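Chains R, Z and B are the protein sequences, given in the same order. Each residue of the first sequence is one higher than the one before, counting from 1 in the numbering used here. Each residue of the second sequence is one higher than the one before, counting from 1 in the numbering used here. Each residue of the third sequence is one higher than the one before, counting from 1 in the numbering used here.
Treat the hints as calculated values from the structure; they're not laboratory data. Fair warning: this is a prediction, and the values are worked out from it, not measured in the lab.
BS3-like mimics (lysine-lysine), calculated; alpha carbons at most 25 Å apart, straight line: (1) Z:K118 with B:K151; (2) R:K87 with Z:K120; (3) R:K155 with R:K87.
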Amino acid sequence: MTLTEQHHRQLDTRYSETFATGSGGIEGAPARTRFNAEVLNARQKRMKAFVDSTHDPEGTSLESESLDNIGIVQYPDSYLETPREIKLQEWEGQVQEVGSRYFSARLVDLTAGEREEAEEVDLPLDDLTESDRILLVPGATFRWIIGYRYIRGEKERFARIVIRRLPVWTEQEIRTADREAADLYNALFGDPHNRAATANRD
Amino acid sequence: MPFSEIHTIGPPQPTEIEVCVFGPSFGECIIVHLGNGHWVVFDSCMNHDGSEPVALSYLNALGLAPASAIKAIVATHWHNDHCKGLARIVGAAPAAYVWISSALTTPEFFRFAKRMGKNKTTVAGTKLSEFESVIDEIAARNKAGLLTFGYASSRMPMVKIDAKLSGHGWPCEVTGLSPSPGDTLNFLTRIAAQMPRVRQTKHSVPSPSPNDVSVATLVTIGPLSILLGADLEKTGSQTTGWNAVIAAHHQIPFGPNNASLYKIAHHGSENAHSLELWQELLEPNPFAVLTPWRNGSGRLPTGAGITNIMTETKRALATASEARTRRPLKERPPGVLRFLRENNIRIRSLTAPFGCVRFRMPNLQSGTWNVELFGSACTLAELARTKEFH
Amino acid sequence: MQVDREKFLVTAIQEPLIRVHDFFVKCFQALPETPIRAVGINRDVHFDAGSRQALDRVGDILAPKEVWQDFAMRDGKRIGGLRSLTMEQAITKQGQRERLDGLPGWIQVKVDPSAGGVPNGAYVQVNDHYELTKMGKLSDGRSAADLVAQKWDASIDRSEEYVDRIMELASDPN
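Build the full structure now, drawing on both the sequences and the hints.
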């Protein structure tokens, strides 16, 4: 995703000579940008009309940009070599226990559109990266993906376990929650007659 | 017997007492007929195909309308995976009293529940949505001026039916045995430690174990007593768990007689085994029933737990046995199944085999229970013989 | 991740995509005062149509050649074709584009032949755009984080559906 500040600033000459973006040609192919000052210079001479007519400088799509603001490289050279992945199955899991070689987890089948845990599994610790191993504690949330990918025309299967780096509770969320709790509590228990001491029915 | 047979016998007579224990299925459910069409539901779980709370399925199958049949609902759990479907039962029985553990009606717990509710980021992890829905339902009733909820705690009378209205001529009462003040304090201390805070990474609802807010209850119908142990455990302290119940019983006895039927506490765990409970609150050799539990490699009851129970009674039953049901593998793309097979990864369903044990007493004077087993229910001795306990 | 004075771009080229959501939300929870004008949740996919005929089928459905006549076809042979197509979903209210959910912004779906080295490839990009300025006043990082946290799942599900629809065009109907 992209965000754009409203204040468009002119990049100074030094900046615009150092970084370059290219839209890949007048034909309008998707941007494949390169770290190349010559491309930038040539582009600046011929591309202005094209950019104005085909790019939305106010937009957030990957090609949107203002000619006055040349961004830095958008795609690394390795992008064209990146394998394309087809996801066959995705679960979100919560770690229950961590052993010496395996960890157990309860799973939600996201591919089936489910929203509650209905399965459990033991997975090998070796399938995690070193940085994820540190985060593997009971209660940690992870995604487990099985699929296949194409690298230079060759098809191969992959499986990946990634621990989620979850956001934090914000001050606003806590404040809102506390207000809702107080309102609900007062609505239910504010009136002392609501505190039923016995249940004499019938 | 298969589940399809459960309703063929028809509903209990007005003078008959019935106790049905269902589970496990992300929780357990006990439904009690006190007489004359008065039913009380304790907790909730879904039926065997997961389509509906089992309490509603069962009453509908017997030709009874839940809205008029259910007089009270007692919630002894607050995690979704221990009381699934509870909110639907509350919604289906708008005139029924809803009893919630007193600890769950404190401002601290409301704050905890609302803060946890702001975590919409993750899909996995236990939720509190059942509890929140029950509270919403109660709030709506409160707004409509209906006084139909109460706080369950030690010595709280939750249901009272006069002898003239009971159908069999005996008075009926359902009384809370827990939580004690000590249990409530423990619970609130744990909640305070796990309260979400600003700039703290969002985490899931913590494990409910031990269930400090568990509401054990005693059902008395004239001379008959039934003890429902919920998830209450025996702790080290005299002011919490079963020790607190026994201490209170020593001061003023609960009920006129010892119980002839016991829904075993906490899935028959060793932590819930109290010798004093068996000796002071139960008849010798009572009927006893438990719902098994599983989480990862954890299983309840353990072999030692089974031994403890079978030492105290020869009439112990379980609502389910793993060995009795095979669950089909979930359909997945062949590439996924191949990967799992090649890497020796086995995905297990959390949906355990499901069963029901039904107790009926046609005649209070005889004091004799008729027992039926449905689905994968079995004796505890049979459960002990299945491979998981070897 | 790439950042300049105008744009903050987070890209995942490997599953799970949820990492983009987690990183972005966490970042702007830590930078709640950052002035933000707009947020876009983009999903782009290069896919192999399978054959030249299948790729042409996609282009012919999206841009019927009967309309273009001798511009695109001559003597039964193709002399031109679809180069790029962008469709936008938005309602204009008081001069401003508004999404179906009532928020300022739009959804654009772009289809191109793929230049990503994919044989018989097509490229689909879904730009799910949210304008956050109100009456000229910028929004902030806090709001952007909240928006993405709320909208991510639905946005990705919707984008996948649009991508699937385009990919299905490559299938032989017979």
